[in-house]
Amino acid sequence: MLCSSFLHMARKSGTAADRRLAFEREALPHLDAVYSAALRLARNPDDANDLTQETILRAYRFFDQFSPGTNCRAWLLTILYNSFRNAWRRGEREQPASTSEEFAGEIEAQSRDADQSRINPEALLLSRTAGRRIELALNALPAEFREALIFVDVQELNYQEVAIVLDVPLGTVKSRVSRGRALMRKALCRLDQARGKTGT
Amino acid sequence: MDCREYISEYLAGHADGELAPLARRGADEHVSGCPICRAQLIEARALKAMVRQGAAIVKTPADLKSRIRGALDEADRRAAAPWTARLAELFAPFRAAASRVREPLIWAPAGLAAVIAIAILAAIAVPRRGLIATPPPVPEFELAISRFQQFQHDFVPNVPAEAYENQTGAVYAWVINRDPVHRVTDEADSDAFNDLARSYRSANLPDDLFDFAQAGYTITGGRVDQLPDGQPIAYTLYEGAAGEIVSLCFYDPTMAAPIGALNWLGLRSFYEYKGYSICLSFYPTGHFISILITRMPVTQLMRDVAFADPSGISR
Ligand SMILES: [Zn+2]
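So the sequences go chain by chain: W and H.
Okay, so the first sequence: first residue is 1 according to my numbering, each after it adds one.
Okay, so the second sequence: first residue is 1 according to my numbering, each after it adds one.
Now the stretches of chain W that chain H is said to cover, found in silico as 3 or more residues with beta-carbon under 8 Å:
hint, stretch
1, 60-67
2, 74-87
3, 132-146
Derived from the structure by calculation, the hints contain no laboratory data.
Cβ atoms here follow ideal geometry from the backbone N, Cα and C, with glycine treated the same way.
Could you build all of it, start to finish, from the sequences and the hints given here?
Pasting the structure below:
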C-alpha cells in the first residue's frame, strides 16, 4: 500500500463524505464489470481479486481526474488495464511466449485441416454448449485479440474507448477486433471438429 | 466496394455499429446485394452475442466486496486526519534532526551494498537462455529496481511536502515558479526546511523536481537517505492513475550511460531493463545522476518526461 493518503486527503478535505458518496454512486456500480474483466485478463481468481481491489483503490485516489458525464466504466477499465499491464507485463512472462503472429499462424495451420464446409453460421448458432466453447476459444486467443474482444463484446465499449483503455490507435482496435473474430471462428470450428472426433 | 474490401475493412465495424454514416451506407448496400457477405455479417453478430454470453459479466464475490469496502474506509480514515497534522508529523523527525546540526539529516538505508551485490550475483547466476546475451547488470539500475519494489509497498516520506492552496482546499504539489495557486507556508517557521526542494538542496543534492502534474501525476513524497559511501540520495515517488514513477538522485562520478539505450533526449537516455522502464539523466555539472524508474511502458515514460522536463537539462 502506497503511503499517499496525505495527497488526496489534502485535495478535498472538506468534502470527504461527498467524495465517497459520489464514488459509490458513479464507480462502484461497475464493480462487477471490473471484476469480470480482471478475471478475463488475469485468468486466475486470486490475481483477479488483487487486480480488482488495486483498481478500485487507485480509482478512488484519483477520482478527481474522472470527468463526470464520461463513461465511468471505460475510465475504470483503463485503470484496470494499466494496473494489469504494469504488474503482469514482465515477470510472469519469463518463458519465451509465442508472439501473436506465431500463435495466429498455429491456429490457422490447425484450422486449415478442418473441413471447410463446417464453417457456417448455422453451425455456430446451433451449438448447445456455446458458453464453454466460447471460453475455451477465447482463452486460446493471443492476448491482444482476447483483450479487444473482451472490451468490445463483453464490456460493450466503443472502439474509441477501447483505444484509450489499451493505449493503441483506433485503427489497431478495429483490426484486432476483426482479426480476433476471424481467429475465434476458426478456433470454434476446430473445437467442433475435436468434439466430432472424440464423440463428446 | 468488393467482397474482399468489405470483409477486411468494414465487417467488424459494421457488426459493432462503428461505421461512419457514409461508410455504413456503402456497407449496407454491399450486403444487401451480396448473400455471402450478408452471411458473414450475420455470423459476426452471432459470434459477438456468443462472446458476450460465454464470457458474461459475473458477480463480484462477497468477500472481495467487503475487502474493498474495508480498504475504502481505511483510505477515508487516513484522509480524515487534518493535513496540517500530517504535515506536522512529517516535520517532526526532520526538525529534530535539523536542530542537531548536519549529519543526522540523513536516514541510513539497510545494507545497500549488500543489496546491489546480491542482485548482481543473482543476475550472473541465472542461466542464460536462448541466443540473446543478457546485458551486464547495471548497479545503479539494480538499486533503482530494489527501491521501486520496496516503495511500491512501503513508502514513508521523511522530508516535508510543499503545500499549496487552491479553490478546493490544500493540495501538495511540486510546482516551482508557477503561480496559479497560493503557496501555504508557515511564515513564522519558514526556515530552510519547509519543502522538498529545499530539503534536497540542504542535503547537497540537486533541488529540481519533475513536474508531472500536467501528465496526471502527483508527488506522494520524498525521502533523503544515505548511501553506504555516505553520499546522500533523494527518492521521490510520483503517482498517477496509470502507475508509479520513482525518482532517484545521487552523486555518481563513475557512471557512464550503459549501452542499449532505446532513445535519447538531450542528456537523458531511456532503457528497458529487466522488465522496467528507466530514464537516466546526467546533470551537466557536479556528477549527479537522476534515475526515473517505472513499470509503465518506456514510450509512456518518454512522453511524460518530455512533458515534465523540470530543469531544461534535456535542452
Ligand atoms: Zn460481398
